[in-house]
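Those protein sequence lines, which keep their order, are chains E, V and R.
Just so you know, our numbering puts 88 at position 88 of the first sequence, and the rest follows in order with no gaps.
Just so you know, our numbering puts 57 at position 57 of the second sequence, and the rest follows in order with no gaps.
Just so you know, our numbering puts 211 at position 211 of the third sequence, and the rest follows in order with no gaps.
Don't take each hint at face value.
Dumping the calculated DSS-like pairs for lysine-lysine here, alpha-carbon to alpha-carbon at most 25 Å [said to hold, decoys possible]:
(1) Lys82/E / Lys261/R
(2) Lys76/R / Lys65/R
(3) Lys152/R / Lys75/E
(4) Lys123/V / Lys3/R
(5) Lys3/R / Lys3/E
(6) Lys156/R / Lys123/V
(7) Lys141/R / Lys261/R
It is worth saying that the hints were derived from the structure and are not from the lab.
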Amino acid sequence: MSKNAIMAGLAIFVIAVLSPFWFNLGGTDAAPEPELSAKAKAAEKCVLDKYDMRANHMSLLDEWRDAVVRDADRKYHAANGKEFQMSLSTGEDSCLGCHEDKEKFCDRCHNYASVDPYCWECHTTPKEINQ
Amino acid sequence: MLEIAIKGSKKYWIWLGVLGAVIGTGILVYMDQFINGLMTTALSRDVTWGFYIANFTYLVGVAAGGVMVVIPFYLHNYEKFHRITILGEFLAVAALVMCLLFIVVDLGQPIRMLNVIFYPSPKSMLFWDMCVLNGYLFLNIVIGWKVLEAERNQIKPPAWTTPLIYLSIPFAIGIHTVTAYLYCGLPGRGYWLTAVLAPRFLASAFAAGPAVLLLLCYLVRKVTKFDPGWEAMQTLAKIVCYALIANVFFFLCEIFVTYYSQIPGHMTHIDYLFFGLHGHNTMVPWMWTSMILMVTAAIMLVIPALRSNYTLLPYICVMVVIGTWIDKSLGMIAGGFVPSPLHHVTEYMPTVKEVIISLGIYGTGLLILTILYKLATRVKEEVRG
Amino acid sequence: MKKSRRSFLKVAGVSALGIGIAPALKAVEAATTGTPGAAVRTKAPEALTAKRWGMVIDTNKITDKIAGKIVVACRKSNNVPDFNHKPDEEKYPNTRPVNHRQELKWIWEEHFNNAFPDKEDDFLADKFKDLPFLVTCNQCKNPPCVRVCPTKATFKREDGIVMMDFHRCIGCRFCMAACPYGARSFNYRDPRPFIADIDPAFPTRSKGVVEKCNLCAPRLAKGLQPACVEVSEGAITVGDLEDPNSEVRKLLGEKYSIRRKQELGTEPSVYYIM
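Next comes chain E alone, as it looks inside the complex:
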């Protein structure tokens, strides 16, 4: 293999491997600001504290799913004393019951981090239904 072929191949490889960065260039530069709905502000306390939720909400939802589907338990008594329904989208005291608008809350950080969770393929949002 000639030296030129090797250098050319290497260059193509580097560009290809960095392609996710090229795709996201010129996108969001400001830090994401999820908006708390009026209901959420009134509730004050969430399932876990803010930083814990931000880091662990996915594994929390995972555990909740196993509890609901496999153990038939649906009530969550949080460490801070409040009770929640272990549900993403159904009922008043589910996640979306409080944080009603997914676009103003969930999507803010998800879009910034280029994360596309497929929860919404199945779980309906209250806004969607009332449309």
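Chains V and R: place on chain E using the hints.
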């Protein structure tokens, strides 16, 4: 050793180009299926496994058939097979890769396929299928590579390959038995719920695998300077012969049990396949063709004058391959799912998109086979001067 | 040169393994210690519970009208797509034409000979020849579908309901092959365009997963009866088969009932009073 694969004649590169085009088309059509779901197939609520799983079943058999050259040489020092064991092992590798690809394209949620590893379910035969298929693939890659490398360097293969070779033999039997167990343990499917299914699968595999290998030997003789040996090919033909007879015999046993006992739950499926049910008879010409091909091929292979006829033998092999393919893929699926557990008839014939994706997978297998065989034959040509 | 390249690769491989192990260990540690806080998970106090959920269908009380209502109620309550529904052009433009053979149904009507193919009878009483028989998942005590699932996405819950975990299902459809009753359906395509009104109390499913009747487990957990029971005008009763004082046991004690394909050993929990 891989550098051998990038030096080839014009015909070689044209062949790789054709395969690339077939694979590329398959990938494009698969993207449609990936985005829109399996609605692009002809599968239905009643027939939930189709062309993909059908081909998967057949190719597991072809992969297992490689053991028919490994056992005589490694266990019984049958020298005539010395030159072609590598061809058998590499055929198994290509066939196994195709099997795994067929499973992936058949899944409704392929991005979740690692769940089978995260949540192991030892009671499920699919779990064990995943284990033995990947295990056998790994064994064949390692053994084939090491043995070929040793031959190239004109030394004996390392000692640790010997226990792996011995291990690959029960694995070969295992992959096809487990695949048969996928089918024959299901209580609601009368066509599959029979103890003879696993032996039948193995017999069909030991006919189909060596038949494909025999055809590949002809090809190798034609396009390379490597000669697998006419005697070895004759022995392969004899193996195909007796395995085919066993396959037909097992099927006739199934026919006897079903029709002598007159149990409708079992009869309806064979009625559908061979005589049509309530006017639905898409499978009838296919099944009779398969039977005629298999029986004729078996008879021809038994007659020494025909079996040793150099020009006739490849055609007999093609008959074997087509006959066993129809029986094991289309026949197995249609027979199992029709009629449904509620005795409704929903027929199945693959859509064009399914066939294109399947051809893309066959193209991938042929690509792997081409490259591996190029390595094997080139090394052997080198060594023999 | 050869030797140093080989040893370079060896060192690179080992270091990659070493660097890779650290986050993997961290993830395992996080998973086992779990999210912090002494949280407790319980059932809602109003939830209906049972040791073994079962269903009794009184075929004498089922008319075509009631059967129709049941099928519709189940579809609506569980967001089961209806391929006869035309998708909303604005929300779902360019939906491809449907293949009715890929339909989904959780409970539906069959004739006697299809519901009970092992009991086909030339001299069947006229009354039963045209009677609608409702067939659904039998919530078997010994379910073959659970045995074959490679990911335990379908599993038997402690209370006897054979549940589906739609998040875990890889769509291999082995359970559909294993079910001797044809009770399961597969989402060959995205179901959303075919759901007329999405019920917010239960999620829809995505393409590529298998689904079936779950005995309205989410409704039972809220203290409600399953959707089919509510509109059946007393024809369907759901209760605890292992509670000798339950309604279902009383019905089974009074009248003769049959189950589908009993000889297969699946021990179905759905009884039909003839």
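Results of checking the hints against the structure:
1. Lys82/E / Lys261/R: violated, 49 Å
2. Lys76/R / Lys65/R: Since the Cα atoms of Lys76/R and Lys65/R sit roughly 17 Å apart, the hinted pair holds (cutoff 25 Å).
3. Lys152/R / Lys75/E: This hinted pair holds, its Cα atoms lying about 24 Å apart.
4. Lys123/V / Lys3/R: It is violated: about 47 Å lies between the C-alpha atoms, which goes past 25 Å.
5. Lys3/R / Lys3/E: holds, 22 Å
6. Lys156/R / Lys123/V: holds, 14 Å
7. Lys141/R / Lys261/R: holds, 13 Å
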